[in-house]
Amino acid sequence: MSEFEPKIIAFVCNWCTYAGADLTGTSRIKYAQNVKIIRFPCTGRIDFMLLLKSFSEGADGIIVSGCHPNDCHYTSGNFHARRRWIMFRGLLDLLGIDVRRIQYSWVSAAEGSKWADVVNSTVATIRELGPYTDYAKVAGYLEKEAKL
Amino acid sequence: MMDLIKRATELLESDAVKVVIGYGKGSSTDRTRAIFVTQVADCENLVFNSQCIHNLAVYLTKAEIKKLGKPAIVAPVPVLRSILQLAAENQLTENDLVILGVTPESQLIEFESFAGIETFLDTHRIKIDQKYQETIEKIRSMPVAERFAWWVKELEPCFKCYACRSACPLCYCTRCTVENNQPQWISVASHPLGNLEWHVMRAMHLAGRCTDCEACYNACPMGIPIHLLTKSMLQDVNENFGTYGPTLKKDNTLSSFKPDDKESFIR
Numbered sequence: 447m448s449e450f451e452p453k454i455i456a457f458v459c460n461w462c463t464y465a466g467a468d469l470t471g472t473s474r475i476k477y478a479q480n481v482k483i484i485r486f487p488c489t490g491r492i493d494f495m496l497l498l499k500s501f502s503e504g505a506d507g508i509i510v511s512g513c514h515p516n517d518c519h520y521t522s523g524n525f526h527a528r529r530r531w532i533m534f535r536g537l538l539d540l541l542g543i544d545v546r547r548i549q550y551s552w553v554s555a556a557e558g559s560k561w562a563d564v565v566n567s568t569v570a571t572i573r574e575l576g577p578y579t580d581y582a583k584v585a586g587y588l589e590k591e592a593k594l
Numbered sequence: 005m006m007d008l009i010k011r012a013t014e015l016l017e018s019d020a021v022k023v024v025i026g027y028g029k030g031s032s033t034d035r036t037r038a039i040f041v042t043q044v045a046d047c048e049n050l051v052f053n054s055q056c057i058h059n060l061a062v063y064l065t066k067a068e069i070k071k072l073g074k075p076a077i078v079a080p081v082p083v084l085r086s087i088l089q090l091a092a093e094n095q096l097t098e099n100d101l102v103i104l105g106v107t108p109e110s111q112l113i114e115f116e117s118f119a120g121i122e123t124f125l126d127t128h129r130i131k132i133d134q135k136y137q138e139t140i141e142k143i144r145s146m147p148v149a150e151r152f153a154w155w156v157k158e159l160e161p162c163f164k165c166y167a168c169r170s171a172c173p174l175c176y177c178t179r180c181t182v183e184n185n186q187p188q189w190i191s192v193a194s195h196p197l198g199n200l201e202w203h204v205m206r207a208m209h210l211a212g213r214c215t216d217c218e219a220c221y222n223a224c225p226m227g228i229p230i231h232l233l234t235k236s237m238l239q240d241v242n243e244n245f246g247t248y249g250p251t252l253k254k255d256n257t258l259s260s261f262k263p264d265d266k267e268s269f270i271r
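Sequence lines, in order, name chains A and B. In terms of this note's numbering, the first sequence opens at residue 447 and continues consecutively. In terms of this note's numbering, the second sequence opens at residue 5 and continues consecutively.
Worth flagging that the hints you see were computed from the coordinates, not collected in a lab. Remember, it's a predicted structure, so these values are computed and weren't measured experimentally. All C-beta atoms in this analysis are idealised placements derived from N, C-alpha and C, irrespective of residue type, glycine included. Hints are not guaranteed to be accurate.
Claimed, not checked - Here are some, though not all, of the chain A residues that point toward chain B, as calculated from beta-carbon distances under 8 Å: (1) PHE450; (2) ARG474; (3) ILE475; (4) MET495; (5) LEU498; (6) THR521; (7) SER522; (8) ARG529; (9) LEU541; (10) ILE543; (11) ASP544; (12) TYR550; (13) THR571; (14) LEU575; (15) ASP580; (16) ALA585.
Said to hold, decoys possible - Distance condition first, Cα-Cα at most 20 Å in a straight line; then the derived SDA-like pairs of lysine to any residue: (17) LYS560(A) with SER268(B); (18) LYS164(B) with THR247(B); (19) LYS254(B) with GLY536(A); (20) LYS482(A) with THR571(A); (21) LYS262(B) with ARG491(A); (22) LYS560(A) with ILE270(B); (23) LYS583(A) with ALA193(B); (24) LYS253(B) with PHE118(B); (25) LYS131(B) with LYS164(B); (26) LYS262(B) with ASP517(A); (27) LYS499(A) with VAL156(B); (28) LYS499(A) with ASP544(A); (29) LYS142(B) with GLY536(A); (30) LYS499(A) with HIS195(B); (31) LYS583(A) with TRP189(B); (32) LYS131(B) with HIS195(B); (33) LYS499(A) with ASN185(B); (34) LYS476(A) with ASN566(A); (35) LYS266(B) with THR247(B); (36) LYS164(B) with LYS254(B); (37) LYS29(B) with SER54(B); (38) LYS453(A) with ARG546(A); (39) LYS499(A) with ARG37(B); (40) LYS499(A) with THR181(B).
Throw the hints in and build the complete structure from the sequences for me.
Encoded structure:
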């Protein structure tokens with residue numbers, strides 16, 4: 447059996463992390479290929495439901511990343527996002543959704559190497575945790591019913 | 005409760021209000037229901053006792069009730085909390101409402117202003133019951149997979165009647181994401197994924213706003229313990245941001261921030 451390759455979705459903000467990930471590329475820093483990046487105008491725009499939707503569509507892990515505090519292009523988007531994440535994380539934890547599968551980070555446009563680091567370490571964590579079958583089972587409930 | 009009936013009669017007689025939103029006899033002796041009194045003669049139908057658990061504040065934002073004209077509302081403590089939160093969210097104006105507060109000792113106390121409610125509630129703070137705290141603790145101490153399985157099972161009876169939403173005074177949007185079916189954001193079928201997503205969304209939209217009246221839980225025909233979600237979030241708000249319960253300050257948890265908010269999980 448081939449080694450498990452985690453599917454990871456990254457929700458990143460346009461102004462810092464996306465530019466940072468670009469820098470990782472232009473600096474020719476190699477990092478894990480498991481990540482699919484989705485660009486948002488701001489971390490404040492990332493609806494909590496999108497994270498759940500990623501899991502139900504088969505993601506094994508999620509990265510959410512944006513500008514460092516005080517660096518938001520829209521002044522306060524990341525501050526609002528931070529509060530939302532604090533609340534969301536508590537709720538997910540209560541519900542038994544594995545919060546270790548969601549990595550939050552601040553990566554600025556100058557931190558190309560930090561981005562590579564964040565991705566690599568997240569991939570390593572998820573590789574250890576294995577595929578997110580608990581959630582997939584719940585998400586695939588209807589299809590399984592149809593097949594019966 | 006004679007005081008209440010007397011005052012309601014006065015208000016309707018003098019035309020100070022057009023409708024009194026209160027509690028009346030229910031379909032059996034152990035139940036009450038909301039009644040909307042518009043005639044002086046009907047004031048005697050008003051009752052108040054320990055069975056009055058509905059949160060009447062839910063009606064204040066409904067178009068059908070607004071149409072009746074200026075209301076007076078019978079408001080025990082949970083209703084007062086909801087009124088205060090609605091006021092903080094600019095959903096109510098002081099002069100368009102007569103608030104017939106009822107203290108836990110069943111004394112009538114009329115409020116002239118929202119600030120008056122705020123002062124009153126300072127001495128009647130939200131307190132999460134010990135038994136709920138213990139239940140939440142117990143759930144949190146389960147291993148993650150077991151916890152997930154527990155919730156999937158608990159949420160299983162949910163068939164999306166949205167009674168929890170209808171009963172909640174703070175779920176006052178006239179259009180809701182779950183009614184949107186192009187695309188269908190949250191499945192309406194009674195299956196685990198849609199159930200989970202609906203309850204996550206409901207809880208998140210009430211984060212930092214919920215006043216712990218338990219109307220959602222009381223309304224649920226299947227008795228799903230959805231109030232545990234909002235109670236746990238209330239604890240989280242308190243732990244992280246140090247606020248607990250409604251105030252007139254317009255700084256709801258998720259619509260405000262502090263530059264030095266603390267967390268421990270962001271790299």
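*Residue hint SER522(A), partner chain B, criterion CB-CB below 8 Å*: 6 Å, holds
*asked:* Hinted pair, alpha-carbon criterion (20 Å max): LYS142(B), GLY536(A). Please report holds or violated.
replied: 15 Å, holds
*Sort out whether ASN185(B) lies within 20 Å of LYS499(A), counting only the CA atoms.*
Within the cut-off at roughly 16 Å; holds.
*Verify the proposed pairing of LYS262(B) with ASP517(A), using a straight-line Cα cut of 20 Å.*
14 Å, holds
*Is the interface hint for ASP580(A) satisfied, with its Cβ closer than 8 Å to some Cβ of chain B?*
5 Å, holds
_Next item in the hint list is ARG529(A). Is there a CB on chain B closer than 8 Å to its CB?_
5 Å, holds
*Taken at face value, is the distance from the CA of ARG37(B) to the CA of LYS499(A) at most 20 Å?*
Distance ~39 Å between LYS499(A) and ARG37(B) Cα, so the pair is violated.
*Could you check if ASP544(A) really has its C-beta closer than 8 Å to a C-beta on chain B?*
5 Å, holds
*Is the hinted pair LYS499(A) and HIS195(B) satisfied, with a Cα-Cα distance of at most 20 Å?*
15 Å, holds
*Are LYS482(A) and THR571(A) close enough, with their CA atoms no more than 20 Å apart?*
17 Å, holds
*Given hint ARG546(A) paired with LYS453(A) - CA-CA distance at most 20 Å*: 15 Å, holds
*Pair hint LYS131(B) and LYS164(B), alpha-carbon separation not exceeding 20 Å*: 29 Å, violated
Comparing the model with each earlier hint shows violations of hints 1, 2, 3, 6, 13, 14, 18, 19, 25, 32, 36 and 39; every other hint is respected.
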